[in-house]
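Sequence lines, in order, name chains H and W. Quick note on my numbering: the first sequence kicks off at 172 and runs consecutively. Quick note on my numbering: the second sequence kicks off at 707 and runs consecutively.
Keep in mind that the hints were calculated from the coordinates and are not lab data. Just so it is clear, CB atoms sit at the ideal spot from N, CA and C, and this is done for glycine as well. Treat the hints with caution; some may be incorrect.
[To be verified] Footprint (simulated), chain H over chain W, 3 or more residues, beta carbon under 8 angstroms:
#1 708 to 717
#2 721 to 730
#3 747 to 754
#4 787 to 800
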Amino acid sequence: MKRLELWLYIAQRASALVLAPLVLLHLGVILYAVAGGLSASEILGRTRSTWMWPAAYGLFVVAAAVHAAIGLRVVLREWTSWRDRSLDLATLGIGLVLLLLGLRAVQAIA
Amino acid sequence: MRNHPSYRAFLVHRLSGIALALFLPAHLIVLGLALETAMLDGFLDWAAQPAVKAAETILVILLALHLFGGLRLLAIELLPWSDRQKDWIGWAAAAALAVGAGFVVRSFA
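So here's chain W without its partners, still in its complex pose (with noise of 0.2 angstroms):
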């Protein structure tokens, strides 16, 4: 069964939910700095450098993996059934990898 597709869907979802959980509080921290204009300035200055442009890469894409394997779940539970549906798990890994390539091309635009 842990080879099956579906649970390796299943493992990406909540893995990637754990990390976006986790990162959110820095996440809005950050941008609570926001009010003092100088401070945000200093953190866009610290996080222009290559390894954070990195991690940044990954959270995109784990972003766009969470969003894409979501609305997959939301739609085998709320249409009806499709013999697609098992097509789907490709297609949302497939659209969260162009999102992260999109963001590694327009980070060197």
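This is chain H alone, in the form it adopts within the complex (with noise of 0.2 angstroms):
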């Protein structure tokens, strides 16, 4: 196994248990939330009352990017023929644009 494969391999498992706990807490706050609808104020009210839902959230966004990114170049690798040096750069590429999109988030909410 080629040494990039190998750091890949093992970035999707650890992003995989870092996201474990924190997807099983978001769909506890989602289950939790969704009752009597939606509004700004409530889940900014949530959000904004402990740096730790800021924190949590900064851990889900760059743990997601990770996983998400590295998830599509594996699906791509096995199911298209794009294979080459161009999907590792597009791979890095769809990493950071959810990154920036999840911190700009994070900021927005905390």
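Both chains are given apart, each in its own frame, so use the hints to dock them into the complex.
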């Protein structure tokens, strides 16, 4: 296995281990918050109540950006003929776009 | 092989992952609207309609399927072999559907 593939494999599993408890928390919050309808004041009242929400969501978006980008690369390599260096650059680009959108969202709810 | 439960689990994990990755940018852009509270409220009002709630329910189920299916994969890769592994696909699917049912119930609460 090439060195890059090994590191991406490890990063995919490590990000999955970080994401698992955060997704469980996310699903819990969704089920809690959806009752009675959603509003900006209700969402922001919660996320701005303590620094721990922005911290958790910050970790969430970093792990999700890594996990989604590597996951899409795996799918594209296996289901298409796209395998050269440009795929690695596209993976990096997808990860960076998700990271920037994610950090902007965290900034907005912090 | 394609009728084997493990292959179907692989396919569900892969397709749910693709769907979630495609949805994620839209989700993050909408959350970015929280900088303008009125815009976020406008979106949330739009998202309260039944068709959007139905789409959200599917997304919640996909997220739960990817989570529980992913936990199964991590357990298979990282933990010692267990005879119960063959039951985990069913448990993962049941847990995801339970979350989806919970979302529907809570949406009408």
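Original post:
What hint numbers does the structure not satisfy?
Top reply: 1 and 4
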